[in-house]
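Colleague: Listed below are the residues making up each chain.
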Amino acid sequence: MDDYNSETDSDYASYWRDWFISTRGHEYFCEIDEDYLTDRFNLTGLQPEVHYYQYALDLITDVFDFDCDDETRESIEKSAKHLYGLVHARYIITTRGLQKMLEKYKKCDFGRCPRVLCRSHPLLPIGLSDVAHSKSVKLYCAKCEDVYSPKSSRHATIDGAYFGTSFPHILFQVYPALIPPKVNERYIPRCFGFKTHAMAALARWQEEQRANQDRRLLEAGVEVRRVESETIGDDSSSDDAS
Amino acid sequence: MDEEESWVSSFCNVLGHEYFAEVAEDFIEDDFNLTGLGSTVPMYKEALEMILDVEPEDDSDSMGSASESLSGDPTYRRSRGHQRTASDYSVIESSAELLYGLIHQRFITSRQGIQVMYEKYLANHFGFCPRVNCNSARVLPCGFSDTPGQETVKLFCPSCCDIYVPPNSRFQSVDGAYFGTTFPTLFLMTFPELDISGNGRKDLIASSSLNPSGGRRGARDTILPPINGIPANNIAPGLGKGKKYEMRIYGFKVNERARSGPRMGWLRDKPENLEELDEFAQYGGDAADDSDSAISEIEDDGEEDEEEEVEEDDEEAEEGLAYGPGVGASAVRVKRERGAKREEVAGEVR
Ligand SMILES: [Zn+2]
Ligand SMILES: [Zn+2]
Chain Y
1 MDDYNSETDS
11 DYASYWRDWF
21 ISTRGHEYFC
31 EIDEDYLTDR
41 FNLTGLQPEV
51 HYYQYALDLI
61 TDVFDFDCDD
71 ETRESIEKSA
81 KHLYGLVHAR
91 YIITTRGLQK
101 MLEKYKKCDF
111 GRCPRVLCRS
121 HPLLPIGLSD
131 VAHSKSVKLY
141 CAKCEDVYSP
151 KSSRHATIDG
161 AYFGTSFPHI
171 LFQVYPALIP
181 PKVNERYIPR
191 CFGFKTHAMA
201 ALARWQEEQR
211 ANQDRRLLEA
221 GVEVRRVESE
231 TIGDDSSSDD
241 AS
Chain V
243 MDEEESWVSS
253 FCNVLGHEYF
263 AEVAEDFIED
273 DFNLTGLGST
283 VPMYKEALEM
293 ILDVEPEDDS
303 DSMGSASESL
313 SGDPTYRRSR
323 GHQRTASDYS
333 VIESSAELLY
343 GLIHQRFITS
353 RQGIQVMYEK
363 YLANHFGFCP
373 RVNCNSARVL
383 PCGFSDTPGQ
393 ETVKLFCPSC
403 CDIYVPPNSR
413 FQSVDGAYFG
423 TTFPTLFLMT
433 FPELDISGNG
443 RKDLIASSSL
453 NPSGGRRGAR
463 DTILPPINGI
473 PANNIAPGLG
483 KGKKYEMRIY
493 GFKVNERARS
503 GPRMGWLRDK
513 PENLEELDEF
523 AQYGGDAADD
533 SDSAISEIED
543 DGEEDEEEEV
553 EEDDEEAEEG
563 LAYGPGVGAS
573 AVRVKRERGA
583 KREEVAGEVR
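These protein sequence lines are chains Y and V, in that order. Using my numbering, the letters of the first sequence map in sequence onto residues 1 to 242. Using my numbering, the letters of the second sequence map in sequence onto residues 243 to 592.
It should be emphasised that the hints constitute simulated quantities derived from the structure, not laboratory data. Since the model is a prediction, treat every value here as computed from it, not as a measurement. Beta carbons: idealized from backbone N, C-alpha and C, even for Gly. A few of these clues could be false.
[Claimed, not checked] Listed next, with one range per pair, are the computed distances between beta-carbon atoms:
(1) Thr38(Y) to Arg490(V): 25 to 35 Å
(2) Pro467(V) to Thr44(Y): 48 to 58 Å
(3) Leu294(V) to Arg154(Y): 40 to 50 Å
(4) Glu103(Y) to Asp268(V): 53 to 63 Å
(5) Leu178(Y) to Arg490(V): 18 to 28 Å
[To be verified] The list that follows gives simulated cross-link-like pairs (lysine to aspartate or glutamate, DMTMM-like), each with its CA atoms no further than 25 Å apart:
(6) Lys151(Y) to Glu488(V)
(7) Lys485(V) to Asp130(Y)
(8) Lys495(V) to Glu219(Y)
(9) Lys100(Y) to Asp130(Y)
Chain V on its own, in the form it takes in the complex (with noise of 0.2 Å):
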């Protein structure tokens, strides 16, 4: 093992593979993390040997030299002395990634995993927010869907709540699947009291010492009331009063009522009193328990939001199954609008 770099390593350090955590060996030989994957990825066997490098079975020895020529790719060197064309590896190359990747969204939503996204985050490896008001903070790699081959991946922003795509074109043949959608919010979960703003970036980057729940020792102190489960200076620091951008013409704002006027600043728009966001409390019903589990503090969706959140529906009704938490049988739904409108704007701008 010492001597040649494992697979996960090689893997990971491939351009664009940046955002990728190094899967723990004892995580993929746990065979209850990889339940479900053997019907969805072809060749499984034999990737998932290439994934731990273990040398195939009917592997003979007299085979040794037959693959040497592919020695240049640390990739291929792992399968080195087994009897199989290069097309084989290529299949089995292209399975291995994929179950690498399904691996991988488990692995990054697991006690181990966010750990291990939790240093590289405080690394920077994932970047930060384009927005020039949310001030450098950084962002966590997401994806758009949970099912493999729809989206690239993209970056969360803690900070305004929005997704960016990675500024870099080789972040553009990276699945968003192998990230998934549900690693951003777990890990702003699991680690409340991290300081989301940009501001206080070189101080995290400086602080190592984390407390029992993941977070930063000793900052406690700073940290508002909850509201609704997350600490209120938690909750889009980067929007809100002196956050948005404001239109301006030699100075002056331009008005609402202006044909060219602001129609967007509800985006970037935030309570000033965060507490009108506390529904349990403006409703008089029962405050959120302040427990850790997640569960408490997702609201069932299953059924409420019929006119938004409309495109991802599907991959997400189904994987919510998969994980458990029954969802509500709101899967697909019609797509409106769209298309023609889009041409519309296409044939001015360009």
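Bound conformation, chain Y alone (with noise of 0.2 Å):
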């Protein structure tokens, strides 16, 4: 169900959805192939999360012909992209979806983290629940393996579920290789030059944890790619912001 294989040319039709991921708080968002909507099974189970469902359909799919009021014609615009939300938390964790959302984390569409040691590592979309209306889009780096809050509150009132909780860890058990080596390197606060006592036994503590784990997968016989730490120093000019 997950192989989409022709490149089709009914691109040029996609009016509603070229619309809805051009919308301003819409970046993080993927168009979702025809083909993949237009098959009933990839949308199992939608219909009764979604009012006017096969209205809402219609207008995604660009077939829309149903004459309505106003206020008929706007509950069925946001049951649409209710509709589009659900199905792209899908499409994307298909080979094709990751695919498109690959090439939108190589060109950092969804920002980058903001932990410093990260060094503005791209960030991925992903939802701390699967269900709708729960929880908004938040954003996971790989390198750290944390989820930040998006920064524009525009991205605030995306659902996350739009997204799901697996996307991410799908992508990177799809793509190994784009896994980043993870770095030791941590900040440790200080004062006058010194650190603290309280955050020295701390970090002292994580890194006897990160050493148990390392020490686990080692007798389990799993790589484990860590580096110490990544550029900064010399250059001067190593402005993680850029």
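Using the hints, build the complex out of the two chains.
Modeller: Here's what the structure looks like:
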């Protein structure tokens, strides 16, 4: 079901989807292929989730042809956005969807990690819940393996369920070569050049946990890619924000 | 003074300068606070005059209108009437900024200045941690280095003990050295009773009554016994069990043995029993005396950590010497394994 293999010529007709993904705030979405949308199998179970399901689907696939008042039209419009989001969560973990999101990842469409020591590593959108209307979209950094809130408030209203909890992890499962090496370097606050006891003790404890994990993985024969640190230092121009 | 905004005020009102405190005039006028800056800042005297809104001595009133055309910018207005060219002004202006920044670094670690920063902290001027599990904990501006011209200003989150790039690009022209590496730590030591987790934020905004140590009055009861000199509930409240992101696929935790499995858990981890961190108690040594002295709560890492913390030691060492407590001579060390690895990733992702 995941495979999409023909580059169809139907792209020229994707008015609604073009409009949707180019709307301000929708920068994280990719365009779902028409073939995927028209295969009923991919939409299994979504009907009860969306009002005016059929009309909404027609709108998304540019075959909407229904005379209705503005109010109904507005409801259908809203349903179409919701349906698109729900399908999007499924689509981006298909082979074709992963490819499209990967392109966006390479272009840093999802922004860069705000953590200084991640050195502007590109982020990926993620949901903290797969249930719609529960949490807004967040951003996952594969370098520090943590999640961050998007900078802009326009993304704070995007439902995290439209991306799902699994997407980034499936991406790295499918493209393991893209997993960034993990960096040991970490920040320890200082006071007049000295580390504080409490923070240094915590750091030592954490590093012990890391050593324990490495030992476990070594015994299990799992390769771990860690580096002590990256860039910084000499070139004062190492402005991570560039 | 009243009719016109002072240089300091107008500097602090510039877009992107929101993190700066207004350094008190008497602090700038005290020569002791400026020790060593004269040789660091070009056109020091002129720069200092500009900061203090002092009319240059060699001024002559007859030149009163010479620079009138520049008066659109409040910072030029201060020196009106003095015979200088626009390029002189821009040199002095940038010297004044540098000088102000370096004085600022000292001011915010002084008793007086840290109080000003405390007010700014409570007023949310520094923003919040972007990390989801920090629950909007307030952050503190800091430098990655104490030497100007190295790195732009960063934000330290006491809840996860990590540093972040400010969310807006306008802060990318602000030098991190103007805040320095010491400020966040000293701030947290000075106000040990602050609730630094994200949750208590609203309470703190409402409460402005401070106890003699600058903390929140009446908050004592909720403070756990200190570990290594810090109240236990202020040791990285955003880390540890329940505050760590766990990667899941279809609801199942990704096993660490998977090639794409978790490797960074340590960074956001914390012992469930914080007494594990109390190394004095653990090893039966003398417990740290609970004196307020910052010095008693810091440790001399001059020699022990050859492996970690490589890059900024050179500046830190100098700075440490300038401030007094003798820092070990662990200055310059070799950076390892950089560059090459990074290219590799870059090649893959971009
Ligand atoms: Zn990161
Ligand atoms: Zn944080």
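Colleague: Each of the hints needs a verdict: does it hold here or not?
Modeller: Each hint, compared with the structure:
| no. | hint | result |
| --- | --- | --- |
| 1 | Thr38(Y) to Arg490(V): 25 to 35 Å | holds (31 Å) |
| 2 | Pro467(V) to Thr44(Y): 48 to 58 Å | holds (56 Å) |
| 3 | Leu294(V) to Arg154(Y): 40 to 50 Å | holds (44 Å) |
| 4 | Glu103(Y) to Asp268(V): 53 to 63 Å | holds (59 Å) |
| 5 | Leu178(Y) to Arg490(V): 18 to 28 Å | holds (19 Å) |
| 6 | Lys151(Y) to Glu488(V) | holds (22 Å) |
| 7 | Lys485(V) to Asp130(Y) | holds (19 Å) |
| 8 | Lys495(V) to Glu219(Y) | holds (21 Å) |
| 9 | Lys100(Y) to Asp130(Y) | holds (21 Å) |
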